[in-house]
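Student: Anchor point for the sequence shown: position 177 equals 177 in full-length UniProt numbering, and the numbering is continuous, going up by one each time.
Since the hints were made in silico from the structure, they are not lab data.
All residues carry an ideal CB built from backbone N, CA and C; glycine is no exception.
It is possible that part of the hints are untrue.
As the list claims (entries may be wrong) - Here are the simulated distance ranges between beta carbons:
1. Ser279 x Lys299: 30 to 38 Å
2. Thr180 x Gly140: 17 to 25 Å
3. Glu233 x Lys266: 33 to 41 Å
4. Pro294 x Ala195: 16 to 24 Å
5. Lys247 x Thr278: 12 to 20 Å
6. Asn217 x Tyr307: 15 to 23 Å
7. Ser184 x Gly298: 16 to 24 Å
8. Ala274 x Asp236: 34 to 42 Å
9. Asn276 x Lys247: 16 to 24 Å
10. Asp277 x Leu149: 17 to 25 Å
11. Gln152 x Pro246: 14 to 22 Å
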Amino acid sequence: MATSLSSDVSIDALPSAENYKPNTVSRAYREQHVPQANGENLSPEETESAKFNEYLALDKRNNHSGPSSFAEFLEPSSNTSVVHLAEKKVATRLQKSNCSSLVNWRRERFTFEAMKTFVVFLFSIHIVVESVWQNPGFCGTYECPEYTLDEQGKGYEKRFYATATWVSTSAAGSYKNATTTTFSKLQSYLKQLNAEAMAVPYVTMMFPTVGLNVVQNFTQFFFIKPSLRPAPEPIDTSIQLKIVPPKHLYIRTVPGHVTSTADWVKQANLLAGAINDTSKYYGTFFFTAEYNLPSESGKRYNEVWFYAMN
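Using the sequences provided together with the hints, build the complete structure.
Tutor: Quick look at the structure:
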């Protein structure tokens with residue numbers, strides 16, 4: 001059944017773009033007189049369709065990809081684009097208002113195309129802004145290594161860290177004494193690069209299976225922020241640059257000022273209990289991560305890290 005524009009006029013009865021020849025009369029004449037088809041006066045609905053066919057013929061001559069008929073606007077197929085659906089609404093509005101100006105129709109289409117372009121532009125800006133890394137609040141005023149959150153569990157979270165450059169050194173002794181030595185050496189190296197080279201966290205590798213009362217060899221790492229890369233090789237041979245590949249970490253937040261091996265091991269055990277699956281992480285070692293300088297007082301933020309198996 002043909003789709004009807006009115007109760008007595010069907011789409012099939014309307015003149016085609018080939019039969020309607022607007023160039024045979026002047027524009028002024030067309031604006032003042034109702035177009036003729038097959039020797040009969042056209043109804044207002046037929047006039048509107050004829051003017052659309054004029055637009056369609058011009059659109060095809062300009063190699064545009066508009067819809068193939070006025071009916072396609074009113075009854076779009078299942079694969080009709082969003083643009084054509086919007087154009088359909090404009091065409092229907094023209095039909096109902098008996099608007100006789102093709103200029104208004106083309107102005108409507110231009111306005112929609114401009115608005116569509118503007119929306120796409122704003123969406124592109126949104127994607128760019130969202131993709132820019134921003135330091136989390138617990139990093140304070142320091143720069144942090146970039147990561148994404150993989151999983152938020154109860155009492156832990158799993159993160160994915162991108163490739164980053166770290167500088168490291170080692171010292172033996174108690175946790176407090178050894179890390180005081182390593183921190184001083186690494187901080188001196190960073191100051192040679194830049195007066196504001198300090199970044200967080202500074203990370204210490206620990207081996208809980210050695211025993212709490214046994215002297216350990218602690219290795220500490222400082223994060224090298226991207227603006228300082230590539231960092232120069234340290235003159236001190238006990239300091240090494242390391243490019244750490246992408247990695248997944250299980251992490252537990254640790255508040256306060258933690259200064260002993262026993263306290264860190266306790267926090268590592270709490271993280272292990274929260275994960276509750278030893279097949280998910282390496283349990284023979286862990287890392288402490290501190291986000292405040294040793295000299296800073298007040299509220300402190302720390303973490304304990306497990307390397308994830310995958």
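Student: Please write out, lowest number first, the hints stated earlier that are contradicted by the structure.
Tutor: Of the numbered hints, all hold.
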